[in-house]
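**Student:** Spelled out, the chains give:
There are 4 protein chains.
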Amino acid sequence: MCGVFGIYGHSEAANLTYLGLSSLQHRGQEASGIGTFRGDTLKVVRRQGIVSEGFNREAIDALAGDRAIGHIRYSTSGGSFLRNAQPLSVNYRHGDLAVAHNGNLLGADTWRARLEELGAIFQSTTDTEILIHLMARSHGTTLRDRVIDALSRVRGAYSILFLGASGMVAARDPWGYRPLVMGELDGATVFASETCAFSLIGARLIRAVEPGEVIWVTDRGTESIFPFETPPHSAGRSCSQCIFEHVYFARPDSHMFGHSVYETRVRSGRILAKEHPVAGDIVIPVPDSGIATAIGYSEASNIPFGMGLIRSHYVGRTFIEPSQSIRSFGVKLKLSPVADILRGRSVVVVDDSLVRGTTSRKIIEMIRAAGAREIHLRIGAPPVTHSCFYGIDTPTREELIASSKSVEETARFVRCDSLGYISREGLLKSVNDPDAPARFCTACFDGNYPEDPAEEPPRVAIPE
Amino acid sequence: MCGVFGIYGHSEAANLTYLGLSSLQHRGQEASGIGTFRGDTLKVVRRQGIVSEGFNREAIDALAGDRAIGHIRYSTSGGSFLRNAQPLSVNYRHGDLAVAHNGNLLGADTWRARLEELGAIFQSTTDTEILIHLMARSHGTTLRDRVIDALSRVRGAYSILFLGASGMVAARDPWGYRPLVMGELDGATVFASETCAFSLIGARLIRAVEPGEVIWVTDRGTESIFPFETPPHSAGRSCSQCIFEHVYFARPDSHMFGHSVYETRVRSGRILAKEHPVAGDIVIPVPDSGIATAIGYSEASNIPFGMGLIRSHYVGRTFIEPSQSIRSFGVKLKLSPVADILRGRSVVVVDDSLVRGTTSRKIIEMIRAAGAREIHLRIGAPPVTHSCFYGIDTPTREELIASSKSVEETARFVRCDSLGYISREGLLKSVNDPDAPARFCTACFDGNYPEDPAEEPPRVAIPE
Amino acid sequence: MCGVFGIYGHSEAANLTYLGLSSLQHRGQEASGIGTFRGDTLKVVRRQGIVSEGFNREAIDALAGDRAIGHIRYSTSGGSFLRNAQPLSVNYRHGDLAVAHNGNLLGADTWRARLEELGAIFQSTTDTEILIHLMARSHGTTLRDRVIDALSRVRGAYSILFLGASGMVAARDPWGYRPLVMGELDGATVFASETCAFSLIGARLIRAVEPGEVIWVTDRGTESIFPFETPPHSAGRSCSQCIFEHVYFARPDSHMFGHSVYETRVRSGRILAKEHPVAGDIVIPVPDSGIATAIGYSEASNIPFGMGLIRSHYVGRTFIEPSQSIRSFGVKLKLSPVADILRGRSVVVVDDSLVRGTTSRKIIEMIRAAGAREIHLRIGAPPVTHSCFYGIDTPTREELIASSKSVEETARFVRCDSLGYISREGLLKSVNDPDAPARFCTACFDGNYPEDPAEEPPRVAIPE
Amino acid sequence: MCGVFGIYGHSEAANLTYLGLSSLQHRGQEASGIGTFRGDTLKVVRRQGIVSEGFNREAIDALAGDRAIGHIRYSTSGGSFLRNAQPLSVNYRHGDLAVAHNGNLLGADTWRARLEELGAIFQSTTDTEILIHLMARSHGTTLRDRVIDALSRVRGAYSILFLGASGMVAARDPWGYRPLVMGELDGATVFASETCAFSLIGARLIRAVEPGEVIWVTDRGTESIFPFETPPHSAGRSCSQCIFEHVYFARPDSHMFGHSVYETRVRSGRILAKEHPVAGDIVIPVPDSGIATAIGYSEASNIPFGMGLIRSHYVGRTFIEPSQSIRSFGVKLKLSPVADILRGRSVVVVDDSLVRGTTSRKIIEMIRAAGAREIHLRIGAPPVTHSCFYGIDTPTREELIASSKSVEETARFVRCDSLGYISREGLLKSVNDPDAPARFCTACFDGNYPEDPAEEPPRVAIPE
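Protein chains in written order, with our numbering: chain A, 1 to 464; chain B, 1001 to 1464; chain C, 2001 to 2464; chain D, 3001 to 3464.
Hints are computed from structural coordinates only; laboratory data are not their basis.
The structure presented is a predicted model; accordingly, all values stated were derived computationally and were not measured.
We put the beta carbon where it would ideally sit given N, CA and C, even for glycine.
One or more of the hints may lead you astray.
[Said to hold, decoys possible] The calculated label-pair distances, taken between Cβ atoms and stated as ranges, are: (1) 207/A <-> 1437/B: 54 to 62 Å; (2) 343/A <-> 1437/B: 49 to 57 Å; (3) 459/A <-> 2061/C: 42 to 50 Å; (4) 1141/B <-> 3204/D: 53 to 61 Å; (5) 1279/B <-> 454/A: 55 to 63 Å; (6) 2113/C <-> 459/A: 26 to 34 Å; (7) 2061/C <-> 1141/B: 47 to 55 Å; (8) 3118/D <-> 1456/B: 24 to 32 Å; (9) 343/A <-> 1385/B: 50 to 58 Å.
[Stated by the list, open to error] Derived lysine-lysine pairs resembling DSS-like cross-links, with alpha carbons at most 27 Å apart: (10) 429/A <-> 274/A; (11) 1405/B <-> 334/A; (12) 2405/C <-> 2362/C; (13) 2274/C <-> 2043/C; (14) 2043/C <-> 43/A; (15) 362/A <-> 334/A; (16) 1405/B <-> 1429/B; (17) 1043/B <-> 3043/D; (18) 2334/C <-> 3334/D; (19) 3334/D <-> 3429/D; (20) 1334/B <-> 1362/B; (21) 1362/B <-> 1405/B.
Pulled out of the complex, with its shape left as it was, chain A reads as follows (with noise of 0.2 Å):
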């Protein structure tokens, strides 16, 4: 998961283009990076680590100018991360171009293998360069052109910002996997991965941009432009929005695909609460991303609601882990259990999702430690039988825990004492919309995949 963030027009476009990346930084801590133009140069500047680590005040006002556009990366696997980092920036025959990517493309490494047959160079092993590369072989004229013409070429997740000197252009797949907003401020028109962004700085909510959509943004003003066919969703669906953003990646102050976060987390709650009943004593939620969800559930099921988890908020990327010699803290530093109100209790614990198991053993070993005499685990997604190919970093299916163990079986190994999952339907429901179930994905607990990731990209020509 990443967040993107852009702006047109104003004059203190990097200053809020970094307060913007700030509020999206729960989408990725690794590395953050914000390009801006004065006139027709590009400068970008891309940091390892979060936004308020990798940028001072020398540095934002090293980028001069009116229009910017900024990414935030999550934490992946693999060792050179400043070279992945985004904005991604080149120098091609149209001058200058910064991209900003949120999702995944598919059938990356096909595409890759055909633009180097034709003598294309990478400068990094991002999936979002293919897209520069067809951009430096369209024949469009515009920035707009260049960049439907790349886009028409691929598959998969993209909410997209491009930033060169003529203009900025905003995209959304068609089948929407990833958000993407627009807002207005002082005049000037921004775009961000999620609400909250607008809320800190102040910006307008205009809309959604909508699933298959490109938006083309000069100083003559903001053109909608729907360039792609209709793709050809399965199962009766309008388009494939991810419901993982509401489980667990959105702030909860956002509103997520028209709707409120915190609310739906809620919501999930209560139904988990009557799909999953239990006489606890005290509901506790995995904080930061459970407690929406375990309010709904306390509220639901009328047992009391408590923080028994406290989160630390000063264990950041640089700690240092404890030598060897020393006991193994695990997951201790980030939480710390408050045993008077666990101690001797039937406790029921409400995270957001369960994905390895790994996670939830040992905050079920620390809460068991600190007294509890039962421990009920209920979690506000179904379980995550399938990998996603859109954007989300999940891990492989056999590391899914719940591809291979049943309830009962993943229950054992965590080491609770009762474990239920929202259903699919429920979670659906809980979003307060009667046609969730034609807008949203949920391959990953039902490996119903709205575009095959397997399936190779046509032999289009690519034009030379």
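Given chain A's structure and the hints, the job is docking chains B, C and D onto it.
**Tutor:** Positioned in the frame of chain A, the structure of chains B, C and D alone reads:
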């Protein structure tokens, strides 16, 4: 407010001190330091900022030795931070010495002037250094005796650790203003400001260091001494522990003065709901310190609890403030409202305390801008009318809004629809200890100072 | 001017490259970089500033592998330094590739435009990247063939190293503008811009890479190829080696194009004394590059040699310039006069070259302020009247004082009592090689350019 | 060896101190520091490493005020460098005070012990801090009187600057071991260890501070005082200035004790040629300190001078040593031989001094490996047989090769073909002052110590 940690007799002394200080980080973020002995030689590393930023693996590895003390310092005004960071370290006629102090001595200026008349030279502007000068002039033959000699001459608040080549001394002033607990880990003796440090490293809590107790730790074991005259406790008090530790400073998973901080706060919320009921639609805390109180208020009032304010984890000390030309963000960088659960509602906002009123005013403005219909502010502490002289960095009396404004005037200032503080009696009751009134200092609420902060130190002879 | 170093087949490849680059540091201080292969994977570290500031033990250790190339870059105008630092590194269809280049290609802008028309994307603004794009489009099946294919298409100056997973290529353009030598260390093949790099690491000099030679180094050994057509050398030249390497760039302990730099300079001083005698009291060099020439002048003239200017070792790139309100220090920060041997004397000042005249003017002002009675400036190079297009960062013609001012006018400008330049013939004679006139480029003194810098590259087909 | 600089009454005090320290950088590279007063408040910045690395524009700007002292510290053994960096700064009963000291007090351990018995606490392990404690206990009513009181009680070497809110004191011990000069710039009074600092900033040399003189600088002007008893100078001496300043420490463009350092060295080279003639082919210096001596040797012997060793400008403190598996580079990183002028020749190598012999041995090995036929080592100082107790960090007697080995044995150890030291009388004669024997300390050559380093300080009363 500050935090101290010490460990005697563990091969991983510096590493465990690093972990212990990390768990006390909420007590101060300005500076941190660790001192260790290897043979007769003290090594001290002090850094600005939080522990995880200031110390890396190399710094910890350089701090060899099996005994260590550490300190974290609260942000105060004034520029030359590092000079005043602790542990203070000196070389005097008895060798190297390190000191870590939580608290505040009374009459420090007078003491300093007297010692300077005798030729003393100060390296810092801290009151703590006075103790080292008194020790340097003491005729005591052991570190223990020199510490007792020095502490006997001063008044005020100290929970303090001394580390020399011959042993470690832990001491708490006779009034017991600030906390200090003793524990055990793998045979080593451990001290910390709060029990949460023990929970993290897996140490066993033995007991609190008693008011007026001095504990002398050497290779031969620990010795407990009560060398000071019983102070003339006013108003039937047996000691004067700081009630504000429960209200605000301590981490909710700590036991403070023998009582669960979390549970005290929940109880205070229940009492607050009784003392200041209101017909609200939702109870929201100001995170993080107001959460447990809000849970208690919600329980007792049957008004649903909600996380209406989201706290950002990524806004640290190094955050770049937006430039003046864009709007002031104020408290928004750290807290974001969840508008969906506030809009059109009557909101009960629960905060731990109200000191100057300026932050509350911004929070209320933000909640109102998110659409709240009514805002009722409830405070888990009585009005703060008097400054603290025992180790909390409260503002001067003039800056304390409750020292000059009535509750109604304060409500107008912060622009809430109603304002209710818990009563002094209610707060003491929430500790759930019948002796609480005789054991806690509430001077900041009632001006009843255990020791007169203006009284000059007696003109006793200083050894030469 | 830049410097390159490469080593193939040594377990300490990165460390030796670090040492080799250090000994070439006089060829550039702007940036440095090292690239190594481990298996098929290239790792490159590039840093601003000099090698010893940019690389620490950790950086060297991270550069594992038994083959490495390195580059040091001369300070040029323009801001985004690191982007243009070398080795350049890319991933193209034949895997990872690193390139380190000393020299300057002709017609680079035209080439860049042509390639961009074909969709090429550039990450730097260097001419070197053109070669990579030509290689990416080459149908050559080995790295060797792709390098030859690319180099066959360009003109200009290159002493260049390519490192891929399959081997290393070293090449020198057919005119042989810039130096490149080959050596051997512990069985490994080594390349460097100057022999002083071999002296430091204890490598044995094998020979210079010849003009027009390509050397292909793999695990099976080295192969020498002369793939390029013999260029139409003008005026009976067999090659066009840069005479300025002897005058200024090379370290005096290097052998350059087969001749001792130190001895060439001493001889030039002797010839200069013959061509421009003067009745002075003392001969002083402008250190460090004027020392050997001044020694030769002193010998031939029998005027005593003295170190009348002291060079500071401690004024580096990071020196803070004095604020405007205190007097301008100019060249005084780097050079200090020894007034005691200048006062009242007629001083012969020997410098390696006179380009703009501004520095000479400051030096002469400083010597005169120290009390010199007369100042006679002698220059170890002819007047520089034309810009270099083959890799030296000379100013534009307008800035070259000798392009518009006579010797007398120049003397008045720099305020010396007399001024004498060595003649072009004298300089060529000082190399002590009867073929020198046919082997050296002296275009900066006579405008006789080996290749026309303004000629457009031929419109040959670029493979696709 | 260290360096000091002070300026009183200039609006650019810190900036000029920065420049002055830079020109004294050859006197020490371990640490540097600057202290300034603004009103009554002292601000001190101390940094490890050389001035240009430790101080940036921001640091200088933070040091506001019109008076400043600075210090640069020589590299010594021991770890906690910054603790001992100067200016030392304290707050004592007369306010803030900063001290910068070049020299070494005798009996420092005894003084320290006595003061500690009286309760003194030390922040550093330097002898300088003793003076501050004596000042803190002085009954003197002005800074001037307290300085004189403190200095009257100690013996040993000090050229020292004190800066307080009321004025600046410059003092030199009655023996005058270490240099200190006074100058004037724009009406401000300036002090420095060497005149080269004045040359750089354009200050006018007024005169040397005399042995035993104290100069008191305030807004009302300067006052010269000679408060100390004339010391019992041994052997008809009038003072005991360090001859090694001429031989090695001072910069050749400085005047030291009234004489040109450069000229003294040239004369010593001439005398050395007379005392130890040899039929060599070339005379080469060990740069930089041996250059002037070698020039004198060349002149007197009529053997040509050559720069046979090149000194690298780029090998600083942070250089990574090659790993063990590649050959030891030793002195080669800093010095490179110019083989072309050494090969087959009989080489006369001139160095300033020979202390341990280990470096000379490496240099000779390097010259021999470069092909020299014979190597004759000539030293511009007599054999160093005794340690210095007056401020030079010489090794213990055991490490001084001349304390246990004859000249022939030393020649065998360093593996030269012949070895000749200048005589003590020859060296004194080279100063060109008939009174030199009565004015210079030559204890390191003859053991004739001006003050007995082992004598205990007299048991005078310390005021309390």
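**Student:** Residue 2405/C and residue 2362/C: Cα distance at most 27 Å?
**Tutor:** Judged against 27 Å, a Cα distance of about 18 Å means the pair holds.
**Student:** For the pair supplied as a hint, residue 2043/C and residue 43/A, is the alpha-carbon distance within the 27 Å limit?
**Tutor:** Judged against 27 Å, a Cα distance of about 25 Å means the pair holds.
**Student:** Is residue 1405/B close enough to residue 334/A, meaning Cα to Cα at most 27 Å?
**Tutor:** Violated: residue 1405/B and residue 334/A sit about 41 Å apart, past 27 Å.
**Student:** Assess, step by step, whether the Cα of residue 1043/B is no farther than 27 Å from the Cα of residue 3043/D, and give holds or violated.
**Tutor:** holds, 25 Å
**Student:** Please work out if residue 2274/C and residue 2043/C have their alpha carbons no farther apart than 27 Å.
**Tutor:** Roughly 54 Å between the alpha carbons, so the hint for residue 2274/C and residue 2043/C is violated.
**Student:** Should the hint that residue 2061/C and residue 1141/B are 47 to 55 Å apart at their CB atoms be regarded as holding?
**Tutor:** The hint (47 to 55 Å, Cβ to Cβ) holds, given that residue 2061/C and residue 1141/B are roughly 51 Å apart.
**Student:** Quickly compare the C-alpha distance for residue 362/A and residue 334/A to 27 Å and report which way the hint goes.
**Tutor:** Given pair residue 362/A, residue 334/A holds - Cα atoms ~12 Å apart, limit 27 Å.
**Student:** Range first: 42 to 50 Å. Now tell me if the beta carbons of residue 459/A and residue 2061/C are that far apart.
**Tutor:** For residue 459/A and residue 2061/C the Cβ distance comes to about 46 Å; the hint holds.
**Student:** Indicate whether the distance between the beta carbons of residue 3118/D and residue 1456/B respects the range 24 to 32 Å.
**Tutor:** Given range 24 to 32 Å: holds, Cβ gap about 25 Å.
**Student:** If you check the beta carbons of residue 343/A and residue 1385/B, does the distance land in 50 to 58 Å?
**Tutor:** Roughly 37 Å apart at Cβ, these two residues miss the hinted range, so it is violated.
**Student:** Compare the distance between the alpha carbons of residue 2334/C and residue 3334/D with 27 Å, and conclude whether the hinted pair is satisfied.
**Tutor:** holds, 19 Å
**Student:** The hint says 49 to 57 Å between residue 343/A and residue 1437/B; measuring C-beta to C-beta, is that right?
**Tutor:** violated, 28 Å
Checked against the numbered hints given earlier, the structure breaks hints 2, 9, 11, 13, 19 and satisfies all the rest.
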